[in-house]
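Trainee: Sequence:
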Amino acid sequence: MKNKPMRTKAPYSIKRQLTLSVTILVSVLLGVSLYFSFLSAQHEVEEVYDARLGQSAKLLLLATSLSKSQDDIIHYGDQFDAWMDNLRKLTLKNNSDDEATLYGHPYEQHLVFQFFSRDKLLWSSMKGLPALSNSELDKGFRDLEIGGGRWRTFQLSLPNGQGLERYVVVAEKYSVRQELINEIALSTVTEQMLLLPALLIVLLWLIAKYLRPIDQLRTAIAQRNAHHLDKIHVKDNTIELAPLVNSLNALLEELDLAWQREKRFTRAAAHELKTPLTILRLNVENALATKIAEQKQQDLHNILLGIERTDRLIHQLLMLAKVDSTSEHSIESVELKQLLKNVIADLAPLALKQQQDIALEGDESRLLGDSVLLEVLFRNLIDNAIRYSGQGSEIFVTLKAQNNKIEVLISDNGEAIPAKTREHLFEAFYRGQSDRGDGAGLGMAICKDIVALHQAELELLPRSADRNTFFVRFQVD
1 MKNKPMRTKA
11 PYSIKRQLTL
21 SVTILVSVLL
31 GVSLYFSFLS
41 AQHEVEEVYD
51 ARLGQSAKLL
61 LLATSLSKSQ
71 DDIIHYGDQF
81 DAWMDNLRKL
91 TLKNNSDDEA
101 TLYGHPYEQH
111 LVFQFFSRDK
121 LLWSSMKGLP
131 ALSNSELDKG
141 FRDLEIGGGR
151 WRTFQLSLPN
161 GQGLERYVVV
171 AEKYSVRQEL
181 INEIALSTVT
191 EQMLLLPALL
201 IVLLWLIAKY
211 LRPIDQLRTA
221 IAQRNAHHLD
231 KIHVKDNTIE
241 LAPLVNSLNA
251 LLEELDLAWQ
261 REKRFTRAAA
271 HELKTPLTIL
281 RLNVENALAT
291 KIAEQKQQDL
301 HNILLGIERT
311 DRLIHQLLML
321 AKVDSTSEHS
331 IESVELKQLL
341 KNVIADLAPL
351 ALKQQQDIAL
361 EGDESRLLGD
371 SVLLEVLFRN
381 LIDNAIRYSG
391 QGSEIFVTLK
401 AQNNKIEVLI
411 SDNGEAIPAK
421 TREHLFEAFY
431 RGQSDRGDGA
441 GLGMAICKDI
451 VALHQAELEL
461 LPRSADRNTF
471 FVRFQVD
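In terms of the UniProt record's numbering, the sequence shown opens at residue 1 and continues consecutively.
Hint data in this document are derived by calculation from the structure and do not stem from the laboratory.
All values derive from a computational prediction rather than experimental measurement.
Idealized CB from N, CA, C, for every residue including glycine.
Don't take each hint at face value.
Derived CB-CB ranges, DEER-like [unchecked claim]:
| id | residue 1 | residue 2 | range |
| --- | --- | --- | --- |
| 1 | Q260 | P462 | 29 to 39 Å |
| 2 | N95 | L199 | 35 to 45 Å |
| 3 | E394 | I314 | 26 to 36 Å |
| 4 | L39 | F141 | 18 to 28 Å |
Below, a list of computed lysine-lysine pairs in the PhoX-like style, where the Cα atoms sit at most 25 Å apart [what the hints assert, rightly or not]:
| id | residue 1 | residue 2 |
| --- | --- | --- |
| 5 | K139 | K127 |
| 6 | K231 | K209 |
| 7 | K448 | K337 |
| 8 | K400 | K448 |
Using the sequences plus the hints, can you model the full thing?
Mentor: Below you can see the structure in the form of structure tokens.
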């Protein structure tokens, strides 16, 4: 069964998602706020209006309680009707039902007062309106549907001295209350609807402002390439982005080092392989062209030497690549004296060929390091002494351990190293005595890199006691 390829989710915009989420959240919160504001306004208006109905009913009963007859109440009603007629005339004259007049406010026309004696309606402030109560038991607040409209009524009674009960009903249209509630809610909605765009604009500006470092980081990363791996600098750096920027800079630094190593290796290979391959080609052409046996033998010998030199060159180039690749190092405890013994044993045949003596002295010492690279280090230094110290020379390897330091001295009694060679000895591809060796001038450069990786020291000491001495010092914790 074939594995189905994993689906990659389409990328999405954090800015767009954040803006949309904030907009929806704010809109929902404002909607909820408006809903509860409406309910609160409705509740408060009903409380105020109910209180006004109850207060009005009490005042009317107290004002008419002194009346001795029903004619007095009718007389009061005639006076009330005259006031209301004047109010209606002024309202028509002003052409506005929101403007107060000398006789009151036009909204008073939505209020109704009715006086009853038992079940008989004595007077109503609104002509043509049927009785709002027909039972003396209907007391307190209640809602009625009359004439296609809904009314809120309050009935209150006050017994007179003759044992007859007189009561009043104060009523108000629900449409008046609803109008006030709608106006209060609308005023709140208007303010909040104006506030919503302003709030969203501010939020969009804040989101764009605080996401600006991400845009700066994206721009900085887009500007990086294989030839431009500089550190990233974000102008408006943040606590959240700082770890990401630091990680990216560390990665860019590693990439830059890897790229430099790649270029270094490529240049080294191109530079050093070109010459020996050209010489090999010439020797092969000469061997093919000559008919003289001795000349052919000499050309074949030169080809063999060229192959050996090319092999050594490739080995040094690969070792240079390994030293440059810091990720491949393995740190372990190394017994340095035993490592030096192994190196000397491997190089002993080369020393015997030139009738040289090699001596090792010192105590056993341990340090933390890469055993392979340390072997390369001392192999290059001892091999260098063997190759360049001359026939019948003496080579001394001394190991010292003291004061948290391990020192290794490799000396020979060969000819003095010229001052010019001393200046450039650790530079890559520099060959101070090319007539005595077949290397590529990488040995000392590789030694310098290995010493740097172990945070150690390497130097060529001034000539003393007719000896050339290389000095290596390791710090031991």
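Trainee: Now tell me if each hint is right for this structure.
Mentor: The hints, checked one at a time:
For Q260 paired with P462, a C-beta distance near 33 Å keeps the hint of 29 to 39 Å intact. The hint said 35 to 45 Å for the Cβ distance between N95 and L199, and at roughly 39 Å that hint holds. Range check, E394 to I314: about 32 Å between beta-carbon atoms, so the 26 to 36 Å window is met. A C-beta distance of roughly 20 Å is found between L39 and F141, which places it inside the suggested range of 18 to 28 Å.
Distance check on the hinted pair: K139 and K127 sit about 23 Å apart at the alpha-carbon level, within 25 Å; holds. Of the pairs offered as hints, the one joining K231 and K209 holds, with about 24 Å between alpha carbons and a cut-off of 25 Å not exceeded. The straight-line distance between the Cα atoms of K448 and K337 is roughly 21 Å, inside the 25 Å bound, and the hint therefore holds. Pair hint K400 plus K448 holds up; C-alpha atoms about 20 Å apart against a cutoff of 25 Å.
The structure meets every hint from the earlier list without exception.
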